[in-house]
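Participant: These are the residues of each chain, in order.
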Amino acid sequence: MRNISIFFLFIVTILFGCNSCNKQKETTINLRLQWIPQTQFAGYIVAKQKGFYAEEGLDVNLLPAGPDLKPHLTVANGSDQIGIGVPNQIIAVRTNGVPLVAIAQIFQDSPNRYVLKKQNHIDSLQQLKGKKVGLWIGGDEVEFVSMLNTVGMTLNDVVVVPQEFSVVPFLEDQYVISMVTVYNELNLIQQQGYDGDKLQILSPKDYNSAILGDMIFCKESYLNENPETVRKFLQASIKGWKYCLEYPEEALEIVMKYNPELNRNEQKYMLQACVNMIKAGSTFTNGIGFINETDYANTQRILQISRQIDKTVDIKTTFNLSAWNAIPDSIKKIQ
Amino acid sequence: MKTKYHINYTIPFVVFILILLCWEFLPTLFSIPRYIFPRLSEIINALILAKEYLFTHLSTTVTEAVLGFFIGSGLGFIFGVGMAQSRLFSNIALPYVIATNAIPVIAIAPIIVLWFGHGITAKAVVSAFLCFFPLVINTYRGLSEYNPIYKELFQLYGSSEKDFLLKFKIPNAAPYIIAGLKLNATFAVIGAVVAEFIGANAGLGFGMLQASYSLNTPRLWGYIITSCLLGVSMYMLIFFVEKILLKNRAI
Amino acid sequence: MNSTVIKNISHTFKNKGNSIKVIDEFSIEINAGETVAILGPSGCGKSTILRCIAGFQNPTEGTVFINGEYPSLALQRKKIGFAFQEAALLDWKTVVDNIKLPGYIGIKTLSEAELHQKTIELLNLMQLNGFEKYLPNQLSGGMKQRVALARALLLQPSLLLLDEPFGSLDLLTRSTLIVEFAKILLATQIPTIIVTHSIEEAVYLADRVCILSSRPCKIIREIRPELGKQKDFNLFEKTDFLHSVAKCRKLLLDHWNQNEN
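Chains as they are written, first to last, in the working numbering: chain A, 1 to 335; chain B, 1001 to 1251; chain C, 2001 to 2261.
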């Protein structure tokens, strides 16, 4: 009788012990995306679905954003720990004393392009004097302002037509040149027959006016208090993006399964555009997610020219690579 | 008399100054960062820095609000008269009129922006949308509530229905209609600003969105206060119109 | 034909299956210069009689002729003057504009100059001088009634109907206005019907007093006070006056007691 009791106790202890052995203490992170879950955020979706976050002991919630729900707000007020944003926004909020900081720059190119139909081909921006230009305004026009600035022009030298979210006005020649993103508008225009040499595509990088795309950011205090957690998060996220570079078809499937309401063709196109933006700039030299101080300083300069900011900040305070630096090269670097 | 003066003017004024002082010094006292809750001087400073934008945004919103005010109030008045004069019209129109009040503006604004684009038109439409119902109801009420004795008075002199409407019912309804216009003064501004949030290229609401994009909270507050003042000014305008039109009337 | 003839009017109100007969074969004939008072207890239907005569209501039976015309036609030609129990002035118009109001409703029968002239005359007649620009909410009850009476007289009606015109006023104002009004009636000579529940008022103002029974009302008796044309404040104490008042009171009470039993 006594033997059986001891045996029972033994089994229970092992089971209980094993249970608590397997269960690591998981850290929960709210990651606020910039929009709905789509291939623009494939790296993070893949990292979650393939267990890269779980391997690091992280329980990451992928939260969508929208017109009324902005990552910089939810991270600034503490409801979310990490967010996806763009460098110009980080610089702008820092000029207002908001302690957010960029911790990895995933897209190394601007997602914006400026397109013209073949018949309106230009050799120099100066040829746009007095012509109609389709732009998104309210902050998004800064790249174009900087581009014009390189040839000594200002927005007053062209006729700005505020754009909404349709490519139809461009197709109907309501303006000569239109601002588009590589995420979808460019594809839509090309699908209407304006592909190959029928469409002239200007890239802001060629004018030293590129404001880079998606980066990862968090609150300064969060980084200082949880350096290991942040490193683990970045490591798993970069691993996720690397997976997308190597296995794009599988990555597409994972995203489609995660959000079945997406349009497959559009998402395929978007994923390719994101991959192109990763395989650019500093990624080749330093690895996925590197922040080049020159890029950020240039961004602040662009914001100044277009008077989006009233004052400047020390650019070194807008980003912090301490967590990124601790990630092994084998994970960050690509061939 | 001195006490009355204090009650009417001195004490409210002093309280107002106290509130302004708190707004200026409490945030520093409690170390509240500027991007959470800015001090009054920071707000004023931000507005001064942005004064060109402020002027453009303000004139855009004013245009939208004024257009919306007149269109919405005008349509509301016409519907109110129609419903008061024709039982048939009232029966047909009433459910739709009530529906315009039941639909939340935050839901209808995106649809209107979708239809009319990012320009002034959509904002004026949303503004008009908010101004419609109060005027319908107030006009209808004002036209329907009168002592039946007046109908007989006008009958005595062979008055047509139109005569009775123009010479009695409408002037009689003036206090109600003006009450509705006072409501609409603020609704018009709200409608314009909310629509600008949805899709715009200029205007106070657009300015607020922009300011929140870079968490420029002092400027955001500056725009908010400006829209408040805009609404109040429109209200005061109606108030003075009322004083002139309804002077000495027995209520 | 310068007379108003009301012939056998009866009126029944129908309301959700209930019908209430309020007037039972009321007949009367009035000639120029005559003032007739319709005297009866409250709620007996005397106001309804007046409204049938004015054309606001069509009597269920019987006919009304005003100067040989139906009331509806007379209304069109603005030949009826009516003073309501409440003055019914337009709050936003001055005294002068209120008096002139009938000139601007419906068909214009008088020119601007004639209207102005008539208004001045009536202002004098009603002792409203100095109050031309006042608004109704600045006037006392008595003043408002004077304005209403002036308005009723503006277009020289062929029949003047007064529905308890002094009913809402205090005793002193009422007495003053009754005395003044008797003089006005004498001056204008317009056939007048006054509906009232005040015996003094009826006896003072009228040439003939029709005493009504309670609902459904019909004429019990017609009394002629015969107090002469020149009346003043002292009349209230004269024997003839008091005698007629007593007679009317007795008739009313007797009939009332009869009904109670």
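Hint data in this document are derived by calculation from the structure and do not stem from the laboratory. The reader is advised that the hints may include incorrect statements.
Label pairs and their in silico Cβ distance ranges [said to hold, decoys possible]: (1) A/Ser79 - B/Val1014: 48 to 54 Å; (2) B/Ile1098 - A/Pro99: 48 to 54 Å; (3) B/Phe1070 - A/Lys129: 51 to 57 Å; (4) A/Gly78 - B/Trp1023: 23 to 29 Å.
Quantities reported herein were computed from a predicted structural model and do not represent experimental measurements. Even glycine gets a Cβ: it sits at the ideal position worked out from N, Cα and C.
Participant: Between B/Phe1070 and A/Lys129, is the Cβ distance one that fits in 51 to 57 Å?
Facilitator: 40 Å, violated
Participant: Given a hint of 48 to 54 Å, does the C-beta separation of B/Ile1098 and A/Pro99 actually sit inside it?
Facilitator: Given a distance of about 49 Å, which is inside 48 to 54 Å, the answer is holds.
Participant: CB of A/Ser79 to CB of B/Val1014, is that within 48 to 54 Å?
Facilitator: Given about 40 Å between the Cβ atoms, the range is violated.
Participant: At the C-beta level, are A/Gly78 and B/Trp1023 separated by a distance inside 23 to 29 Å?
Facilitator: For A/Gly78 and B/Trp1023 the Cβ distance comes to about 24 Å; the hint holds.
Taken one by one, the earlier hints fail for this structure at numbers 1 and 3, listed in ascending order.
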